[in-house]
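Number of protein chains: 2
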Amino acid sequence: MLATDNHIGYNERDPVRGQDSINTFKEILQLAVKYDVDFVLLAGDLFHENRPTRETLYEVMALLREYCMNDKPVQIELLSDPDEGKAAGFSFPAVNYEDPNLNVGMPVFSIHGNHDDPQGAGPQGALCALDMLSVSGLINYMGKIDLPINDADALNTGIAVKPVLLRKGNSKLALYGIGNVKDQRMHFELRSNRVRMFMPKDKQDWFNILLLHQNRVPHGPQQAVPEGMFDDSIDLVVWGHEHDCRVEPEIVAGKKYRISQPGSSVATSLGDGEALEKFVLSVILYRTKNCQTHLWSRHVALLEIHGKEYQMTAIPLRTVRPFVLDDVSLAAAADDEGLDITDRMEIEKFLKKRVTELIEKANTTWDERNARAVEEGEAELPRMLPLIRLKVDTTGVSDMSNPVRFGQEFQGRIANPRDVLVFHRAKGSARSGGKVVVEQPELSIDDPNLTNSEKLSKVRVQTLVQEYLSAQELQLLGEAGMSDAIEVFVDKDDIHAIQNHVSNSLKNLMKGVSLDDDFDEEELEEMVEKVREKHEKEYLERQQNGGVSIKAKGKARAEASDNESIDSMMMDVDIAAGSDFDEESDPPPKKTTKKAAPKKAAAKAPAKAPARGRGKKAAPPPSDDEDEDEEEEEAPKPVKRTNRAATLSQSTSKKAPAKKATAAKQATLSFAPSGRTTSTRAAASRAKKKNEVIDLDSD
Amino acid sequence: MLATDNHIGYNERDPVRGQDSINTFKEILQLAVKYDVDFVLLAGDLFHENRPTRETLYEVMALLREYCMNDKPVQIELLSDPDEGKAAGFSFPAVNYEDPNLNVGMPVFSIHGNHDDPQGAGPQGALCALDMLSVSGLINYMGKIDLPINDADALNTGIAVKPVLLRKGNSKLALYGIGNVKDQRMHFELRSNRVRMFMPKDKQDWFNILLLHQNRVPHGPQQAVPEGMFDDSIDLVVWGHEHDCRVEPEIVAGKKYRISQPGSSVATSLGDGEALEKFVLSVILYRTKNCQTHLWSRHVALLEIHGKEYQMTAIPLRTVRPFVLDDVSLAAAADDEGLDITDRMEIEKFLKKRVTELIEKANTTWDERNARAVEEGEAELPRMLPLIRLKVDTTGVSDMSNPVRFGQEFQGRIANPRDVLVFHRAKGSARSGGKVVVEQPELSIDDPNLTNSEKLSKVRVQTLVQEYLSAQELQLLGEAGMSDAIEVFVDKDDIHAIQNHVSNSLKNLMKGVSLDDDFDEEELEEMVEKVREKHEKEYLERQQNGGVSIKAKGKARAEASDNESIDSMMMDVDIAAGSDFDEESDPPPKKTTKKAAPKKAAAKAPAKAPARGRGKKAAPPPSDDEDEDEEEEEAPKPVKRTNRAATLSQSTSKKAPAKKATAAKQATLSFAPSGRTTSTRAAASRAKKKNEVIDLDSD
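Note that the protein sequences, when read in sequence, are chains V and C.
Position 682, counted from 1, in the first sequence is what UniProt numbering calls 682; the numbers after and before it change by one each time, with no gaps.
Position 608, counted from 1, in the second sequence is what UniProt numbering calls 608; the numbers after and before it change by one each time, with no gaps.
Derived from the structure by calculation, the hints contain no laboratory data.
Owing to the predicted nature of the structure, the values given are computational and were not obtained by experimental measurement.
Possibly wrong hints are sitting among the right ones.
Distance condition first, Cα-Cα at most 27 Å in a straight line; then the derived BS3-like pairs of lysine-lysine [unchecked claim]:
hint, chain 1, residue 1, chain 2, residue 2
1, C, Lys308, C, Lys256
2, C, Lys255, C, Lys201
3, V, Lys72, C, Lys72
4, V, Lys349, V, Lys308
5, V, Lys492, C, Lys492
6, V, Lys201, V, Lys168
Taking CB as the label site, the calculated pair distances span [to be verified]:
hint, chain 1, residue 1, chain 2, residue 2, range
7, V, Val490, C, Glu523, 39 to 49 Å
8, C, Ile495, V, Lys534, 10 to 20 Å
9, V, Asp343, C, Ser503, 55 to 65 Å
10, V, Gln411, C, Val502, 13 to 23 Å
11, C, Gln311, V, Gly169, 51 to 61 Å
From the three backbone atoms N, C-alpha and C, an ideal C-beta is built for every residue, glycine too.
Excised from the complex, chain V in its bound form:
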């Protein structure tokens, strides 16, 4: 079963809608049980808040324990290493149904989204809410990618993706998860061959699913991930983040794979402003001359796989609150129906009639659906108050009543009385009487998923911070990084973001300032000033390049200047790039400028590569070979401070030396007889299975 963007905890303080997201997640789990699925796949944003409230975390844990823990035999055999990505220093496996102490009947696999992405830098690295579920054995978190944290993370070496390999009977399934990173960065990593996919040698025999959580609809340059940039060995891409429901796998021009976009399971935006264009509403109910009524319908997807064949079935969710969106122009109503737009009471009466119609429409639809479900043997659900949004074009109207007071009359009949009406005006007319749709701020906001008010608050913080900082004449810390740190502090509720930024920045500054015992204070100030300026400049450049260090960036530009025509570069790991990254794992060379970098890297790489004892294809020139995956020996040696690519592959690099000797042997291991896969307790057979793990390691 596929689901995504459950956004649990969204609007949880709302007296009417507070339990919506959790109720729908419960329905999804119940559907998964009903359809007797092998496992549940989630494509990010399980949680709406980066730090979910206790109430939310508690309910999610309870639901997962209730529906996923039971005696049902798990029939999917894990062929990848169950310990990859496990908590450092502990013995229990990363994959919960491999733990002999837990009776997992229905495993859940999930990547993180942009809302619930990892933050912080403790002994276990960055952590997110999914880690809490994973460490307690309730889900299997995959696709973790460390974020570049401030200046210290310039050594960042791309994204490595290791699959979870599963088998049931003759069907072999590889799950590739890439949790959300900023689109800018993902775009860059894809373009510059820094996304390394580790695939089994017989990848063509596997059904390969890629889970990701990025913008699909472009919002400015590099503000989305192009659909056609993934490897041709992928069979299906499950795309999270975009909230409209496009379950049916869609063809991508020139690619073999298709994209399925299950869409969100809860309405986090009522489609005002630019959000409206993004949301493709699945049912258009009725259409009049000057208004359209949409009714939102949400689904989970049932994915059936047999070998390389698959079938996707959308299952409508019944606990989703009906949502009707409509549009009306008062001027048009004046023309068509003779509405007196100078009379406030008259307008109010007109709008109330409209809203009442929409409520009836929503309720009728609910009742029809409910009746259909009951016919099909489902339980009857009590009617839910609908979400109603009427967008009113007030152009030419001078006196409008207060929309909040207007909504009070609908209390108890709709779920959102406070914002049922949204007023807007055609461009050129400056003011409107009531609530005004907030104008899109000039600044670029990364996340198109935010409501306008969220964006507005974001912009205000940024603006305030920038204004404040630029007035300070900072001696040690630059403005740019501080502004980002404050954003994380505000958006991700990370109280240590600023502290971390400051201490990292200071550490970096210290590197550039060497002191004798008796230094001159004036000299010190000068030195500090220079170093700060340098770091500030570097930081800004790195920001423009999607958070990636300057040298690598320069190289990527040189190689991959065309955005659209690049086809599946992600598999491509060339030696030049590899040695360049190795280089960066040492203390960063001083005074490297942006332009010098690519040349340097290219010059160094071929000379160094053979000395490292790489095999048959020691130093090929950079190529666009699409089938690089079987040449994993070519992958750059993991640098000391590497990204943890996927949670489920986190510990790989540490284990590499021990495995090296047996790599050849493991690679040719045959699989266990398929009868084993139906054993009730994975526990008993775990020791046995360990020998059958498919090894994806490079060196």
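Dock chain C against chain V, hints included.
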């Protein structure tokens, strides 16, 4: 195994000490495994922060999963209802080793402390960090008590304590948990017979342990819980909260029970200011003319029980950072050793020598202990940097160097270079040169466990809030409640505390203000003003009475005016009080004043009680009978909005009607043969066991 006050997460950002608390908790779990204990008992403050960071929660979850989940047979049979206190709406039991889907080898039972107490009011009631561990099956959380939340909670009806009943062989153990509430309230509840202990009928055959987490050392009136106020049927009280280690059970004058105080497993205060007096240090190392050196030693306790006999063994913890505290007077040093106290450099040299001596002392002790442990077959531990605190009496010295700069020299040699020195002066001398010990603020602060700086920040917030609010001429909301809400917001990191307070207050206000359709605005203002004043007054009175409603308070005063001589009133549940509380579950009577209350309650109660169909002892006069426990029929009928007494008994009141019919039968059920208790998986026998549950219900 007994442990308490682990304060995990304390000082977690400290580069040296950050992992101390988690390391010691790990050691405790390892000791529990080593000694093959039946279960672990924690007496509160497992977490230092009310909302632990992800890092802390993650590590604690991982440790519990690592050490508590295994195939080891649990030999303690649960005789109380495993479902009492389970998550509402879910099927898994509250006691983790009764869950057939979890292999629990070593159960952990815990109450909450004052640091990690429940907050908020979601669908599952107030939640705390322990709930996250409990819902994921990692611990068994007991002793939950809802806090009185603002005005709406005036219906608060005391504290009901239901035990967890365990048996191993012929030994029967009853665990009574009372999580922390404000001392004021606990004191009041004890004095006014509102703590109801539900005990098995044959309580004398059980070994009865009471876990609590309150101040034991008095800090002003009602700022501690007297040692002698508990029921005589209790055999042992395990007292959390107090950080000094007094494991050896101590006699309580005039009582049969003893008190064991395991003490904290981590140093959260370096004993400056008033904290010093509170901490009884277990080892005095050496003593010179003008200074004492203490070395802190921390223990967990191994409790062995056979029938009613028990034995307590203190086990020293090895991962506890050595802590040496010393005291020096510069004036005395001038007299005795001829120190020139006008020479700053001379003083610095003198102090450095002292600190160096203390470091050596600490290291020697560590090495000796380590050597002893190694002799006993334990692993050698790498030496930990010690905590050193030198209190310097600077009376008569005018020029002192900066203590932070002083500490820099000891970086890498001690764990707390920033605060190794603390300066203070004899009273009368106004100023000192360096860091001054913060003076105890005038305001009464409830928690003697706070450091002075924590207290200071607390006072500041309170003062600021009060000043601000009193300047506002508030029309609707009173100052008093708001100040409390802001305190919760700050201390417990509960972002909704203020919102909750406001909406509750408004709800209460609304009750007193009834509006016609056409009301006069001036009239409204007047009405609102009156109601606000009334509520404000009531709130303040309730605050003075420990958060308990006025009527009950008045009654308690009348009955229990003597603080010290009250002996075991807690078992006493009289009808008058009962009906009084019942009364309060209706909308609170208007215009009740403090003085009128006791009379009214006394007058009403006897008349009403028989009408409610209470049994044989319908309306006895209030008595001090100590053996009330077997007369549970007398307990007041649970009011609609009752406190959830203990987590493990939460669902009792809801289940009462269903159980009523079978109560007599259940009460006489005989226990299962003891052979059963050693079955490997509690799972298989759970259905069977359900019939044997001991019923403690009252009506």
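Checked hints:
1. C:Lys308 - C:Lys256: 12 Å, holds
2. C:Lys255 - C:Lys201: 21 Å, holds
3. V:Lys72 - C:Lys72: 23 Å, holds
4. V:Lys349 - V:Lys308: 59 Å, violated
5. V:Lys492 - C:Lys492: 19 Å, holds
6. V:Lys201 - V:Lys168: This hinted pair holds, its Cα atoms lying about 19 Å apart.
7. V:Val490 - C:Glu523: 39 to 49 Å: This hint holds: roughly 44 Å between Cβ atoms.
8. C:Ile495 - V:Lys534: 10 to 20 Å: 40 Å, violated
9. V:Asp343 - C:Ser503: 55 to 65 Å: 37 Å, violated
10. V:Gln411 - C:Val502: 13 to 23 Å: 19 Å, holds
11. C:Gln311 - V:Gly169: 51 to 61 Å: 59 Å, holds
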